[in-house]
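The residues making up each chain are set out below.
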Amino acid sequence: MAVTELSSLKRSKRKEIALAYFFLAPALAVFALFLFYPMLKSVYLSMTLTDPRGRVAEFVWFDNYKDLFLSEAFFHSLKITLYFVLLTVPTTILWSLLLAALTHNKLRGMKVFQFIFSLPIIISVGTGSIIWLLLFHPTAGMLNYFLSKIGVSAIPWLTDPSWALLSVSLMTVWMNMGFVYIVLLSGLQGIPDDIYESAKIDGAGPVRSFLQIVLPLLTPTLFFVLIVSIIGAFQAFGQINILTKGGPMNATNVVVFTIYQDAFINFRFGIGSAEALILFAIILALTVLQFAVLERKVHYQ
Amino acid sequence: MRKRMTKRMLAAAMLGVILVLSAACGGSDGKSGGSSAGPQKVVFWHAMGGANTKVVDQMVSDFNASQDKVKVEAIFQGTYDDLLSKLKASMGSKDGPSLVQMYEIGSRFMIDSKTVTPMQTFIDADKYDLSQLEPNITGYYTLNGKLYSMPFNTSNPILYYNKDLFKAAGLDPAKPPKTFEEFQQAADAITKSGKATGANFAIYGWFMEQFFANQGAEYVNNGNGRTSPATESIVNSEAGVKTLTWWKDMVAAKSMNNLGRKTDDSKKAFLAGQVGMILDSTAALRGLVTDAQGKFEVGTGFLPRPSDGKEGGVIVGGASLWMMNDKSEAEQKAAWEFIKFLTSPKEQAYWHINTGYFPITKKAYDEQSVKDNLQKFPQFQTAVDQLHQTKPNTATQGAVMGVFPEARQIVEGAIEETLNGKKSPKEALDAAAKEITAKIQTYNKTVK
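In order, the protein sequences belong to chains A and B.
Heads up: the first sequence begins at 1 in the working numbering, then just goes up one per residue.
Heads up: the second sequence begins at 302 in the working numbering, then just goes up one per residue.
Here chain B stands alone, though its shape is the one from the complex (with noise of 0.2 Å):
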């Protein structure tokens, strides 16, 4: 008898312990509830790291300054595919943020996942004047006329090139390659200068949709998944072959490097001037100008396009601000006043000159920062020019797949293939798209 009574408590005392655990990893429970006095908390995940979490925490801690009813907590998640695993995690619990920054390849996941309040609930109801943002920002987020969560930061991919290894191998460094060929011809030309390789593009499946997109093709079936949710993967068609191996062509001719995957290591190699071409997104040009300085100048350019191919332009990259919508319609609302501050036009300006992302407000351009900040890094009129000339249909509004995450990781795996010479690029990217749409329909079966 007493050892049964020794051993329940034992049990006892062991649940006990795993309780306090359990709640120990729980953390920070935000209160959802917050009608009672102070201000109403609101939780933001983000996955701004480095630099720009300080740029985030500062305009977080001037909104809380700014006014006393809502108060914002903003949590740094680490890289937006360990952001997503952590919400996905979360979803269910109490332990989830109110309001969350997701990639833009998350989106098609974020509207099936069913745990989100529209943007557009809140814009309508509170009249908000969604013509001060950029129509080519706000087209990738807007789906069957709805906006589904607000832009936050965006950018593109721009050709970043070395103006001094142009000169030295005779090419104007004034005038960057605008087609595939003038590319081909100006890597070659810098290749057999003898100083670099010609260029080199990290193997990062984003530089393949936005190829897509240049030459006005999409990249899933069904209006690139924006008429009706896509059910097959199209990257086998023209354009991606077409692209693949002009990729491919480069680099079999050494007039093109293969550094893997990691945009990083090919930044690294156009620093040390290593490569005199690199594609990277304009988030990167600070720090590329930057970098470069007393060591060589950096010029920029339009992404390239086949000189045949169709008109197109560029997809807005980047990620937006979702709304939970399991969280009180207080705690919502007062995450809506956090999201109008950001897109106010002096927050705008403050975050694009501190971190390279597009102003996604119009008015931004006005603020007398952003205009001494153009002055000072002439190259970033480049990629305002890119946004600008895109016209908005549904190439260049960018592909929308609940599997997009995987879906590039198949890209990548296909470019390696081809590069490495183990297929061709039209069996390397037919075998990708068989992969990617049986992954879309698996994930269609789940949704419904």
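Okay, chain A solo, but in the shape it has when bound (with noise of 0.2 Å):
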């Protein structure tokens, strides 16, 4: 009886299990195609050198990864991509952050601020940079023109290494900050409004009261957006390639510009690959680590 009865609940089980494969298979089947395959291939690639035409002409096992990790010129990019990192996230989350909880209150007129401050967000990363572009021409930029107005003489925007990070990075901020916006303002917005009225009545001002209350429920927003902007930050390529191509003096030359040229400009698929994996343990490693770390301070309710 008891054997029967376990065999048939095994059975069943073992039909759910085969019912969710099913389900699954087409999510599996692209992520094959599209994700582990690519991956695999790349782990197979980062262990040989190419010939000219990207074929495989040897295989080298580790030899990339020795001469990556001798390399100035990685080391450089991977601090160019520190940088930019941390010029460009906290800046964003800040700057974000402010805007919501300016424009988070019933005034009148407020919906207006909320649509220019979001819309960033529709405009494709080609199409910014190639404002951004105009702006910070060098002789015809209008920035350089205002700064004139003012009797500020001509800022080398993107000519200049010591500028040209800060330049990319004032872009990239102003291009992340529609979706940084509208998350921050949602996550505003979903704070019951009984929260701050009985803090109100228990005589907490404004700022106290965002800092206390608000932040606090916040805070799964916050790491939300964080996460993502890290991982968006790490993999920026499109302003860099439009505005500055990684120059002047490789001072933009980030990590996914520098696979970029390896793989896709001097079909060099060995060490391009070996790169990416680089770059792929590592936001794997931070994205661990912000979870272990950052997390516990997270109040889900």
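The set of hints was computed from the structure by calculation and includes no laboratory data.
Even for Gly, the Cβ is constructed at its ideal location relative to N, Cα and C.
Fair warning: there could be bad hints in the mix.
Mimicking BS3-like on lysine-lysine, the simulated pairs with C-alpha atoms at most 27 Å apart in a straight line are [said to hold, decoys possible]: (1) Lys735(B) with Lys79(A); (2) Lys149(A) with Lys596(B); (3) Lys41(A) with Lys387(B); (4) Lys149(A) with Lys563(B); (5) Lys563(B) with Lys245(A); (6) Lys663(B) with Lys692(B); (7) Lys149(A) with Lys664(B); (8) Lys149(A) with Lys387(B); (9) Lys740(B) with Lys66(A); (10) Lys41(A) with Lys746(B); (11) Lys387(B) with Lys245(A); (12) Lys387(B) with Lys66(A); (13) Lys245(A) with Lys724(B); (14) Lys735(B) with Lys245(A); (15) Lys723(B) with Lys79(A); (16) Lys41(A) with Lys740(B); (17) Lys663(B) with Lys41(A); (18) Lys727(B) with Lys245(A); (19) Lys245(A) with Lys723(B); (20) Lys740(B) with Lys79(A); (21) Lys724(B) with Lys79(A); (22) Lys740(B) with Lys245(A); (23) Lys555(B) with Lys149(A); (24) Lys746(B) with Lys66(A); (25) Lys245(A) with Lys555(B); (26) Lys569(B) with Lys493(B).
Reference listing, derived: stretches of chain A covered by chain B, where coverage requires no fewer than 3 residues with Cβ under 8 Å from a Cβ of chain B [said to hold, decoys possible]: (27) 46-59; (28) 135-141; (29) 156-166; (30) 231-241.
Got two chains here, separate frames each, mind docking them using the hints?
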């Protein structure tokens, strides 16, 4: 009796698992085709040298990795990437948080500001970069024109290595602002009004209630935004390709641009794949670290 | 069982979708059989953007109308770099072109890729008279006595100067500076006049290569990579250090400014009267003269060289046409017919007038339209003279190396480091030479 019951239970469980895989199949197929297979292929490619046509010419085991760890240029681009992350992520989040806090009220006309601040989300990286390319233009740019009106001499936005990364970051902050702003604003709107009211009744001022009540309740949203922004910043490419092409003097040569250059301009897929895998490891480690350290500070209710 | 079936069906359906997608991505497949009825199709990839696309299209449709055996389809593929990447990606598939335009620095790669039929094969088979072409231009694409590709669009850099600014600075507007020293004096004078900055050079590796040739200096070893494949970069030789020191000194003295890598930005500043002198390709002449009309008068001069420098000349920049060898003989022959059409004096005259590139055929200069054009743009004579005064040798034929596009980026990086005062000219070029040499050696390892 018991045995047949158990086996029928087993059978139904197996059925359930099969059903689950059936429903997962389309997603798995797409993942296998566009993620797992390319990933495995790049592990293989990262151990090869490719000829100028990009065909595998020699299997070299870990030579590419060895070259990378000995290469000053690669560490330089890692450093630039790190600077870029530090310049863009905190700024974007703080700036968007400020705007979201200021526009989260029921004053008349607030919708207009909310619309304006979320606008950058609908502009593609390509279009945004072209707009800023015109603004930054060394001789015909609008930014320098306005600076000259107030008596400030022209700034070599993209042509001076000490300015280029700042300029690209400025543009990136603007570009990412739309998304972060919308997420944070909706986070703010998710906080029930009665909490504000009871805080007010208890005599808390706007600053104090923001810091001690709103901010803790916003931590899940902030945590999400932080992780997504950091990953996004590590993978920044479009604006750099259009604005500076990694220059001048490699001052904006972030890792993804180096990968692009090595793999798709110079057709050295070996070294390009090795760089991509190192970047993958870094992002993975950072994300795990954030979950381990920061998630403890997140209040989900 | 039924589930298995559905799963398999699903998989089949997905495969089907993928197949359709990849077929759609493949686009028009050039028929390579071509023995069937109808004209032989020839696919021609090129990188002539902007107004020049229309000129290419016009020549192609003229060719197609002139006979009924061959039909050429010209496809614009973006910049030279994009074109090279797309070509690399297409190699080994059936989606590649029959005929492709490639910039001069992609030449070594094209030969090493073993995917091309040397132009010499058709020249010999057809007894085509090569002497009708400019020897200085064919020189670039000739290796070991073989013409590998047919020159198509060629240009070289000349000095453009603002005659009005010259006058205002007390300089003779009829006498452009010829040497590094004269150039520096002129640039100083213009800056001192307070009307504009003396000069600007875009940070463009091509200019560096030209300055080398103009001093009769080679850019890589082994006869500029022409007697045997190059193994070392010699960009840190005396010619390089001298040029970069001169350039850097002028930037430091503010008689020149730094507007980055784009020649377009340099041109804009020149047209706005913000700088007195720039370097640019002869192909920019028409646009510059036309756009400056009513603002100032544009003068042209030779590329300067140090007064104690060796005699040299300019390298013909631009691009040439390569025949891909994975197409049928009939298709290659058809493409050769198109090439012959393009190099005829009449077509070269049309090409030259509308784009500003040199005619590669000597007889084109006899065409009335070319003479009229020279009258309208007398500045162009400078470019023609500069080309004709160039002495053909391995320095002026230009360097050949497989990693040229990368080498150019590296040299541009070195120029930036110098102009920004991070390194001395010698240090920057030493580092660049070392890096390029390493790349050349890796490259040589992968082609054999």
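Going down the list of hints, with the structure as the test:
About 23 Å separates the Cα atoms of Lys735(B) and Lys79(A), which keeps this hinted pair within 27 Å; it holds. Using a Cα cut-off of 27 Å, the hinted pair Lys149(A) and Lys596(B) holds, with the two alpha carbons roughly 24 Å apart. With a CA separation close to 21 Å, the supplied pair Lys41(A) and Lys387(B) stays within the 27 Å bound. Taking the CA atoms of Lys149(A) and Lys563(B), the gap is near 26 Å; set against the 27 Å cutoff, the hint holds.
Restraint check: the Cα-Cα separation between Lys563(B) and Lys245(A) comes to about 11 Å, which is no more than 27 Å; the hinted pair holds. Simply put, Lys663(B) and Lys692(B) have alpha-carbon atoms about 17 Å apart, close enough for the 27 Å limit, and the pair holds. Of the pairs offered as hints, the one joining Lys149(A) and Lys664(B) is violated, with about 55 Å between alpha carbons and a cut-off of 27 Å exceeded. For the hint linking Lys149(A) to Lys387(B), the alpha-carbon distance of about 46 Å lies beyond 27 Å, and the restraint is violated.
For the hint linking Lys740(B) to Lys66(A), the alpha-carbon distance of about 16 Å falls within 27 Å, and the restraint holds. Annotation: proposed proximity of Lys41(A) to Lys746(B) holds, straight-line Cα distance about 23 Å (limit 27 Å). Using a Cα cut-off of 27 Å, the hinted pair Lys387(B) and Lys245(A) holds, with the two alpha carbons roughly 19 Å apart. Between Lys387(B) and Lys66(A) the CA atoms are separated by roughly 30 Å; this puts the pair beyond 27 Å, and the hint is violated.
Note on Lys245(A) and Lys724(B): the hinted pairing holds, with a Cα-Cα distance of about 21 Å set against a maximum of 27 Å. With a C-alpha separation of about 22 Å, the suggested pair Lys735(B) and Lys245(A) falls inside the 27 Å cut-off, and the hint holds. Among the hinted pairs, Lys723(B) with Lys79(A) is consistent with the structure: their alpha-carbon atoms are about 18 Å apart, no more than 27 Å. For the hint linking Lys41(A) to Lys740(B), the alpha-carbon distance of about 24 Å falls within 27 Å, and the restraint holds.
Using a Cα cut-off of 27 Å, the hinted pair Lys663(B) and Lys41(A) is violated, with the two alpha carbons roughly 53 Å apart. For the given pair, Lys727(B) sits about 25 Å from Lys245(A) by alpha-carbon distance, which is consistent with the 27 Å threshold. Between Lys245(A) and Lys723(B), the direct Cα distance comes to roughly 20 Å. Compliance with the 27 Å bound is thereby established for this hinted pair. Under the criterion of a C-alpha separation no larger than 27 Å, the hint pairing Lys740(B) with Lys79(A) is consistent with the structure, at around 23 Å.
For the suggested pair Lys724(B) and Lys79(A), the alpha carbons sit about 20 Å apart, so the restraint of at most 27 Å is met. At roughly 20 Å between alpha-carbon atoms, Lys740(B) and Lys245(A) fall within 27 Å of each other, so this suggested pair holds. For the hint pairing Lys555(B) with Lys149(A), the CA-to-CA distance comes to about 23 Å; that is within 27 Å, so the pair holds. The straight-line distance between the Cα atoms of Lys746(B) and Lys66(A) is roughly 18 Å, inside the 27 Å bound, and the hint therefore holds.
Note on Lys245(A) and Lys555(B): the hinted pairing holds, with a Cα-Cα distance of about 26 Å set against a maximum of 27 Å. Taking the CA atoms of Lys569(B) and Lys493(B), the gap is near 21 Å; set against the 27 Å cutoff, the hint holds. Coverage of a stretch by a chain is defined here by at least three residues with a beta carbon nearer than 8 Å to that chain's beta carbons; for the stretch 46-59 of chain A and chain B the count is 9, and the condition holds. Note: the stretch 135-141 of chain A has 4 residues with beta-carbon separation from chain B under 8 Å; the three-residue rule is met and the coverage holds.
Chain B is given as covering the stretch 156-166 of chain A, and this holds because 5 residues of the stretch bring a CB closer than 8 Å to a CB of that chain, at least three being needed. Residue count for the stretch 231-241 of chain A with a Cβ under 8 Å from a Cβ of chain B: 0. That is fewer than the three needed, and the coverage hint is violated.
Going through the hint list in order, the structure does not satisfy hints 7, 8, 12, 17, 30.
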